[in-house]
Amino acid sequence: MSLIRCCSTCHYLARACVIFICSLFCLTTGAENLVIKIEKGVATALPIAIVPFENSTEDSRVDVAEIIRSNLQRSGLFRSLPVSDMPALPTKLEDVYKKNWTTLGIENLVIGRLIQKKPGTVDLQFRLIDVYSGKTLLGYSMPVGDDELRFASHKISDYIYEKLLDRPGAYTSLLAYITVDQSSTEGTVYRLQVSDSDGHNARTIVKSSEPLLSPAWSPSGRELVYVSFEGHNSAIYLQELATGKREKIIYGSGINSSPSFSQDGKKLAVTLSRDGNPEIYLYDLNRKKLTRVTQHGAIDTEPAWAPDGSGLVYTSDRGDGPQIYHFDLRNKQTRRVTYNMGRYNTRARYSPDGEKLVLVNGAKGIYRIVLLDLRTKIYEAVTTGELDESPSFSPNGAMIIYATITKKGSQLAAVSADGFTKQRLVAQSGEVREPVWGPLIR
Amino acid sequence: MGQFGRIFVIIFVSVAVTSCSFFSKKKSEEVVERVITPVVVAEASVETMSLTGAREVSPVALGGRLVDSGTESVTSLLDIRIIYFAYDSSEIVGKYADAIQAHADYLMNNSEVKLVLQGHTDERGSREYNLALGERRAQSVQRRLSLLGAPERQVSVVTYGEERPVERMHNEAAYEFNRRVELVYR
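Residue numbers (our numbering), protein chains in the order written: chain P, 81 to 522; chain G, 11 to 196.
The following block holds chain G by itself, in its conformation from the complex (with noise of 0.2 angstroms):
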C-alpha cells in the first residue's frame, strides 16, 4: 500500500465527515431496506368490468320507441350504450336524446336494475384532469337521465379518465371514439 495508503489518510476531512455515514452500519441497513423490494401482486377481481358488459342485463323490450331507419335493419334505442362527446365538452348532443329517455323509462320500469355511467376522454393533457372530465361527463348523462325521470339510487357514475382508450392511436379518429360515456347495466 505505502504512499497510496498514507495519502489516503490525508483526505480532507470535512468530506469525509459528511459522509461517514454512509459507511458506517447504519449506511448498510439503508443500502439493504433499498434493495429488497418484495413484488407486490395486486390482482383485480375476476370480475372485470368489460365495454361490453359481461354481466349486461339483456333488456327486455320495455319502454323506447322502435326507430325505423327506413333500411332492413333496426334498432332498439336500449341498444345505444355509448354516447360520445365533443373535445373538451360534457355537452350532450341532440341525437341521443331519444336513447337517454328509452333508458331512463327502462330503469323506471324495472327497480331492480343499477346502470353504471363509466366516463371516459381522449388521451390529450393530464390525466387528473381527463379523470376529472371523464366524470363530468357521466354526470351529464346521470343528470338527463334524472331529469327525464330515472330514479337516482338505480344510477351511478365512475370514471377512468383516458386510461381505458378503445382506441389506440394517436390522432383524431382515434380520440373521437375515445370521448364517451358508456353505459354498462349490471
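So that you can see chain P by itself, here it is in the shape it has in the complex (with noise of 0.2 angstroms):
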C-alpha cells in the first residue's frame, strides 16, 4: 500500500523490505483467535535477538521468548533475528559472546530462563545486554504463576519497548472488537470479544443474535460500554469485565449510542436523539443525570473527550457534509475543525497526547482514515481505502488501529502513526469490526 503525505521523505521507505511473520495461537478458550500478519516493515528498525530461554519447567507450552520476539517485531521498530540465524543460545551472563552478536549487527540480545519454583510458580528471569558495552540494561528475577506467563511475556516486551525507545510499550494492554458470525445455522451472531494485544486469548464478551457496536474503554480498563440491539431499538450497556455484570444504563426512544468515557471515568459523552434528532449529550454515571451539549436540528453524533478533558470533538452535518466540529467544555464554544479536507469527515479519535486527531475521511468516496495535526493543521491520509473505518490510537499512541472491508470481509488493519509499518490482523472466522484499544496497564 502506497502512503500519501503532504510533505513525503519516502525515498527510504521505497526501499523498505516486505516482512511477513505469521503467528499461529492455538485455541485455548474456545473463542477464535485473530492471527497476525505483518504487511510491511521500516529497513531501520533496531536489530535485536531474543534468544530462546531455557526451560527447566514441566510446562513449555508458553514460549517467552517467542512472544516477545513476535511482539517487538510486530512494532515495525525493531528487527528480531530469526532463532535460526543464531550463532549461539547463551542464556547465562557469562555464556555471552560479544563476537558473535556484534558480527551480526546486533546491539541489543536478550536471554533468560524459567525456573520451576514450586508447582504453580516459576521463576522467570532475563536480562536485556548492550552488547557493545556488555552492560546489563534490564534484569529481572520475577515469580510467575503458570498461568500468567503469557501476561509476563507481554510486560517483559513492555520493559524491553520502554527502555530502548523511551516511550511506554503497549503489549499489555487489550483489543476489544466486534466479530460478526454468519455460518452457524442459528443465523448472525454477533460477538463483543476482548484479547490481548497481539490477538491470542480472544474471550467473547457479549453474545447476541441482535447488533452490537460502538464498544469502549472505561479509563481504568476495568469496564467496556457498548450499544447492544437486544431490546429492538439501540441501548447503552455498561459491563464491568471481571464480574461480567452489567447494566443498562441508557434506553428509550430514538438513538441511544456512540458512548465515549471522559479520562477522569465519571462521565459518558453519548448521542441520543429522544428529543427529535442526534444530539450529544453528557451522562455522569454516579448521579444519572443526563445534560445535553448541542442544540443543532443537524445530525450531532460520535462525540470523543479531549485526553484533559477540556473539551469534546464529535461529527455534526450542520455545514456541507458531515464535519468535525470541537465544543469547549470550559467555554461552551462550538467551532469547527475540519476545513479544506472534502465533504465527509467523520468518527474523529483523539491521540493520547491531545495533538492529533484520527479520523475517516471520505472525499470523493473513498473512505480512508486520515490523521489531523490540531496545531499545524496539516493533515495526512495513513491508509488508502476504499472502506476504512473506526479508527483508535494504541494507548502509546504509536500505532492506529482500524477495520477494513476487503473481498473477505471486514478485517482489521493497524498502522504505525508515522504511517511507516503496517499489519493486518486477520480474523479465523466471520468478519471482525470496531477495534478499540484499551489502555495502558499500570
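Hints may be right or wrong, so weigh each one.
Said to hold, decoys possible - Pairs of lysine-lysine residues, derived as DSSO-like cross-links and limited to a Cα-Cα distance of at most 30 angstroms, are as follows:
| id | chain 1 | residue 1 | chain 2 | residue 2 |
| --- | --- | --- | --- | --- |
| 1 | P | 328 | G | 105 |
| 2 | G | 124 | P | 444 |
| 3 | P | 502 | P | 243 |
| 4 | P | 328 | P | 369 |
What the hints assert, rightly or not - If we take Cβ atoms under 10 angstroms as the criterion, some of the chain P residues that face chain G in the derived model are:
| id | residue |
| --- | --- |
| 5 | 262 |
| 6 | 291 |
| 7 | 293 |
| 8 | 307 |
| 9 | 337 |
| 10 | 351 |
| 11 | 401 |
| 12 | 422 |
| 13 | 424 |
| 14 | 442 |
| 15 | 447 |
| 16 | 467 |
| 17 | 470 |
| 18 | 485 |
Keep in mind that the hints were calculated from the coordinates and are not lab data. Cβ coordinates follow ideal geometry from the N, Cα and C atoms, glycine included.
Combine the two chains into a complex, taking the hints into account.
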C-alpha cells in the first residue's frame, strides 16, 4: 500500500523490505483468535536478538522468548533475529560472547531462564544486554504463576520497548472488537470480544443475535460500554469485565449510542435522538443525570473526549456534509475543525497526547483513515481505503488500529502513527470490526 | 546460581522499584482479575424483527387504489413495504407518493394497527453517523405519513444504520438495496 503525505520523505521507505510473519495461536478458550500478519517493515528498525529461554519447568506450552520476539517485531520498530540465524543460544551472562553478535549487527540481546520454583510458580529471569558495552540494561527475576506466563511475556516486552525507545509499550493492553459470524445455523451471531494486544487469548464478553456496536473502554480498563440492539432498539450498556455484571444505563425512544468515557471515568458523552434529532449529551455515571451539549437540527454524533477533559470533538452535518466540530467544555464555544478536507469527515478520535485527531475521510467516495495535526492543521492519509472505518489509537500513541473491508469482509488492520508500518490482523472466521485499544495497564 | 544470582542483586533500583507493584500480591490480583472473564450471553428475545414481518398484519383491502400496470399482475399499494433512497439522501422520490398515501389511509381506518418504520443505510462511512442517517430516512417517511393523515401515535421509528444489510456485497448494486426504509406492521 502506498502512503500519501503532504510533505514526503519517502525515498527510504521505498527501499523497505516486505516482512511477513505469521503467528499462529492455539485455540485456548474456544473463541477464535486473531492471526496477525505483518505487511510491511522499515529498514531502520532496531536489530535485536531474543534468545530462546532456558526452560527447566515441566510446562513448555508458553514460549516466552517467542512472544517477546513477535511483539517487538510487530511494532515495526525492531528487527528480531530469527532463532535459526543465532550463532549461539546463551542463557547466562557468562556464556555471551560479544563477537557472535556484533558481527551480525545485533546491538541488543535478551537472554533468560524459566525455573520451576514450586508447583504452580515459575521463576522467570531475563536480562536485556547492550552487546557493545556488555552492560546489562535491564535484569529481572520474577515469580510468575503458571497461567501468567503469557502476561509476563507481554510485560517484559513492554520493559524492553520502553528501555530502548524511551516510550511506554502497549503490549499488556487489551483489544476489544465486534465479530459477526454468519456461518452458524442460528443466523447471524454478534460477539463483543476482548483479546491480548497480539490477538491471542480472545474471550467473548457478549454474544447476541442482534447487532452490537461502538464498544469503548473505561479509563481503568475494567469496564466496557457498548451499544446493543437486543431490545429492538439501540441502548447503551455498561459491563464490568471481571464479573460480567452489566447494566443497561441509557435507553428510550430514538437513538441511544456512541458512548465515550471521560478521562476521569465519571462521565460518558453519548448520542441521543430522543428530543427529535441526534444530539450530544453528557451522562454523569454517579448521579445518573443527562446534560445536553448540542442544540442543532442537524445530526450531531460520535463524540470523543479530549484527553485533558477540556472539550469534545464530534461529527455534525450542519454544514456542507458531515464534518468534525469541537466543543469547549469550559467556555461552551463550538468551532469547526475540518476545513478544506472534502465533504465527508467523521468519527474523530484524539491521540493520547491530545495533539492529533484520527478520523474517517470520505472525499470522492474513498473512505480512508486520515491523521490531522491540531496545531499545524496539516493532515495526511495513513491508509488508502476504499472502505476503512473505526480508527483507534494504541494507548502509547504509536499505532492506529482500524477496520477495513476486503473481499473477505471486514478485517482489522493497524498502521504506525507515522504511517510507515502496516500490519493486518486477520480473524480466523467471520468478520471483525470496530476495534478499540484498551488503556495502558499500570 | 553464583555470579548470575549476585548480578541480579545489583539491578538498577529505579527500574525495579517502579515495577515492584507488578510483582506484589496486588499484581497477582490484577492478573487474576483480567484473566477471569465470564462469558455473558445476551440472547435477544425470541421474537426477532424479520424483514418480511412475521407478525405482519395482513392488510384488508381498505383504501389504496389498485394500480393497473397493464400486465397480468396487479399490485396493491399496501404491498409496497420498502422505500429506497438515493445516496446520502433522505428525500422520498415521487414514485412512492401513492403507496405512502395508501398506508396513511390504512392507518387512519385501522386505529389498532401500529407501524414501525425501520431506517437503513449502505455500509459506507462510519457506523454511528449511518445510524443517524437511517433514522433521518425513517423520519422522512414518518413526516410524510403524518402529513397525509396517519395518526402519529400509530407510527414509530427505529434505525439500524448499516447493521442490517439485505445485500452483503460491497458494490453499488448492493448499496442501492440497502439504502431503505422498511414498513413493518404489528
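Consistency of the hints with the structure:
no.	hint	in the structure
1	328(P) <-> 105(G)	violated (42 angstroms)
2	124(G) <-> 444(P)	violated (41 angstroms)
3	502(P) <-> 243(P)	holds (23 angstroms)
4	328(P) <-> 369(P)	holds (14 angstroms)
5	262	holds (8 angstroms)
6	291	holds (4 angstroms)
7	293	holds (6 angstroms)
8	307	holds (8 angstroms)
9	337	holds (6 angstroms)
10	351	holds (7 angstroms)
11	401	holds (8 angstroms)
12	422	violated (12 angstroms)
13	424	holds (7 angstroms)
14	442	holds (6 angstroms)
15	447	holds (6 angstroms)
16	467	holds (7 angstroms)
17	470	holds (7 angstroms)
18	485	holds (6 angstroms)
Going through the hint list in order, the structure does not satisfy hints 1, 2, 12.
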